[in-house]
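Assemble the whole structure, with the sequences as input and the hints as a guide.
Going line by line, the protein sequences match chains A and B. Counting from 1, one number per residue, gives the positions in the first sequence under my numbering. Counting from 1001, one number per residue, gives the positions in the second sequence under my numbering.
It is possible that part of the hints are untrue.
To be verified - Example chain A residues on the side facing chain B (calculated, C-beta under 10 Å, incomplete): (1) Ala245; (2) Pro258; (3) Leu265.
What the hints assert, rightly or not - Listing some non-contacts, in silico: residues in chain B with all C-beta distances to chain A over 10 Å: (4) Gly1035; (5) Gln1065; (6) Glu1084; (7) Pro1114; (8) Ala1194; (9) Pro1255; (10) Asp1278; (11) Leu1319.
It is worth saying that the hints were derived from the structure and are not from the lab. In this text, all values refer to a predicted model and were calculated from it rather than measured experimentally. We put the beta carbon where it would ideally sit given N, CA and C, even for glycine.
There are 2 protein chains.
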Amino acid sequence: MSRNIQVKLAKRPVGLPDESIWNIESNDIPVLNEGEILIKNEYISLDPAMRGWLNDMRSYIPPVQIGEVMRAGSVGQVIASKNEHFKEGTYLYGTGGVQQYTVTNGKGWIGVEPKLAPLPMYLGTLGMPGFTAYFGLLDVGKPQTGDTVLVSGAAGAVGSIVGQIARIKGCRVVGIAGGPAKCKYIVDELGFDAAIDYKNDDIRQKLKEYCPKGIDVYFDNVGGDILDHALARLAMHARVVICGAISQYNNTSVPRGPSNYLSLLVNRATMQGFVVFDYSKKYGEAAKEMAGWLKDGRLKSKEHIDVGIENFHSTFLKLFSGEKMGKLVLKVSE
Amino acid sequence: MSRNIQVKLAKRPVGLPDESIWNIESNDIPVLNEGEILIKNEYISLDPAMRGWLNDMRSYIPPVQIGEVMRAGSVGQVIASKNEHFKEGTYLYGTGGVQQYTVTNGKGWIGVEPKLAPLPMYLGTLGMPGFTAYFGLLDVGKPQTGDTVLVSGAAGAVGSIVGQIARIKGCRVVGIAGGPAKCKYIVDELGFDAAIDYKNDDIRQKLKEYCPKGIDVYFDNVGGDILDHALARLAMHARVVICGAISQYNNTSVPRGPSNYLSLLVNRATMQGFVVFDYSKKYGEAAKEMAGWLKDGRLKSKEHIDVGIENFHSTFLKLFSGEKMGKLVLKVSE
Chain A
1 MSRNIQVKLA
11 KRPVGLPDES
21 IWNIESNDIP
31 VLNEGEILIK
41 NEYISLDPAM
51 RGWLNDMRSY
61 IPPVQIGEVM
71 RAGSVGQVIA
81 SKNEHFKEGT
91 YLYGTGGVQQ
101 YTVTNGKGWI
111 GVEPKLAPLP
121 MYLGTLGMPG
131 FTAYFGLLDV
141 GKPQTGDTVL
151 VSGAAGAVGS
161 IVGQIARIKG
171 CRVVGIAGGP
181 AKCKYIVDEL
191 GFDAAIDYKN
201 DDIRQKLKEY
211 CPKGIDVYFD
221 NVGGDILDHA
231 LARLAMHARV
241 VICGAISQYN
251 NTSVPRGPSN
261 YLSLLVNRAT
271 MQGFVVFDYS
281 KKYGEAAKEM
291 AGWLKDGRLK
301 SKEHIDVGIE
311 NFHSTFLKLF
321 SGEKMGKLVL
331 KVSE
Chain B
1001 MSRNIQVKLA
1011 KRPVGLPDES
1021 IWNIESNDIP
1031 VLNEGEILIK
1041 NEYISLDPAM
1051 RGWLNDMRSY
1061 IPPVQIGEVM
1071 RAGSVGQVIA
1081 SKNEHFKEGT
1091 YLYGTGGVQQ
1101 YTVTNGKGWI
1111 GVEPKLAPLP
1121 MYLGTLGMPG
1131 FTAYFGLLDV
1141 GKPQTGDTVL
1151 VSGAAGAVGS
1161 IVGQIARIKG
1171 CRVVGIAGGP
1181 AKCKYIVDEL
1191 GFDAAIDYKN
1201 DDIRQKLKEY
1211 CPKGIDVYFD
1221 NVGGDILDHA
1231 LARLAMHARV
1241 VICGAISQYN
1251 NTSVPRGPSN
1261 YLSLLVNRAT
1271 MQGFVVFDYS
1281 KKYGEAAKEM
1291 AGWLKDGRLK
1301 SKEHIDVGIE
1311 NFHSTFLKLF
1321 SGEKMGKLVL
1331 KVSE
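Okay, structure coming up:
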């Protein structure tokens, strides 16, 4: 059997990670013990949250430790099994890590069906990012028909789904994304009502133009300046959903707090954080509804697929540079 | 009849207001038209919100215009009436402004009874600050028995009532105040479980000590550093009530945003603003319940009373210097 290439955390990054924080190792695949299975990972998920897992801080999940395989979601095939619950040949989603093969007792892994959807989609729209969009928007943001919904990171794995679900729910949807291509994509392909290019537009002016009655729901993936602009334009009783803050994750100083937070007072508004794991019992429900929308064409899914586990670092950097559209995925090998 | 001394806004302040922003004028009292009443103001309310009304900005209430009498709550006696709904000799609460006499058609004024409570209390515990504490804590903060409630500005008109109501509701209550005298007062006199002196204590360390299980409700009157410390110590599903941000009101630069706002995400917490006016239909209900608590000794009310309308500016500055305890009130004349 071939060897297992693994990407391990060599040291903690300061600011934007460089390649020296990883060790790429080639190791033997352990012999399976009773109850274990061997998964050949086919696709690895790249998510902004990974940057947080590199910091030695108390958070919603423990940090990745130095010397550990980098944590990542993956989909793969069971190629050997000493566990009666998992059959060889089936496909699973789980936290497989950045490695070619994962040995596990199967806890936390769930079956996925490549005949129903392409495997990478189980890491995106039919996986964590999709669930994050679904529950964050519907349960925390509580959009009502006719509301104006603003979403940042709007061409990304989460933001693109947030905007489309908001459209399905009868909202006016404005997306913020970087560059003309992404802006064109979310309006022309995904049906957003308007797009703001944060790299080229006057965000304040465009928000005024596209959200004339104010913002009822702001789904924030980015933090920083854009969060402040959105706060300045809230409608009464607005809901601000804090999903992430990718503009701040590589800061070496204290994160930038939203200066305009007193807009919450003036507008009797709410800012609320959430973590998708809390909804795990309802993932099935969300997957079923989103699969229906995918089938009838109301929901579109896009994946950016890089190839080769040895390219993990350069793919990882695309989370921050924005050089990708939709869900970022690494195909483990050709 | 005597003349009417009025304090008008002469110009907009930059930073901490100095005396030059006011014009003190002595004017004739206008002759009453049909439907109008003349109120002799006895006590004028001083509130942190006044600083916001001086800025030319869109907010929950229009700014005071240059040349207008400074807006302020007041209690006074009807000394002449051409309105059948208001009898001479009765006492009213309303937005009388910083002046000795107010002429009004009576809209927005409500009767108060000096036999039931001292007049200044209708500007504090039985007035806006009391209602702010009552609805902000109970309706927005939603404290549950056994919760840890933290309140800043804890020796002030709002904070002191927030802490006492939280105690009545069976919460563990920690107050943040400036200086040993205020800290001693809220613990010894008001029954808070603990006090943190933000001028002398290590806030982070004390929060760890006094809120070992985290903060379930944080009622914020101050913003700035203290808000950040509180965010860093939230319990899961915590509620942060944004009532004010007195530490930021005299800033000449952009207000300081809460750097630790991503704690809302990690802890699935909510930060929500409110404005007491939205509860106006329920003021009677709150006044009745708080009057009961005052009567049975579970709620204590304190007023700091300065004297003389000509001293308005120096009294106003005490809102920011903290040289007062409880509700700040100006007695119009001896």
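Verification of the supplied hints:
1. Annotation: Ala245(A) was flagged as interfacial toward chain B, and the flag holds, the nearest CB pair being 6 Å apart, inside 10 Å.
2. At a threshold of 10 Å, the smallest CB-CB gap from Pro258(A) to chain B is about 4 Å, leaving the interface hint in force.
3. Against a cut-off of 10 Å between C-beta atoms, the interface hint on Leu265(A) holds, since the closest Cβ of chain B lies about 3 Å away.
4. Against chain A, the non-interface label of Gly1035(B) holds: every CB pair exceeds 10 Å, the least being about 33 Å.
5. In this structure Gln1065(B) is separated from chain A by more than 10 Å, as the shortest Cβ-Cβ distance comes to about 19 Å.
6. Residue-level check passed: Glu1084(B) sits 37 Å from the nearest beta carbon of chain A, beyond 10 Å.
7. Pro1114(B), annotated as away from the interface, keeps every beta carbon of chain A farther than 10 Å; the closest lies near 33 Å.
8. No Cβ of chain A comes within 10 Å of the Cβ of Ala1194(B); the nearest lies about 23 Å off, and the non-interface call holds.
9. Distance check on Pro1255(B): its Cβ comes as close as 5 Å (rounded) to a Cβ of chain A, failing to clear the 10 Å threshold; non-interface status is violated.
10. With a least CB separation of 6 Å from chain A, Asp1278(B) falls inside the 10 Å interface cut-off, contrary to its annotation.
11. Its beta-carbon lying about 17 Å from the closest one in chain A, Leu1319(B) satisfies the requirement of being farther than 10 Å from that chain.
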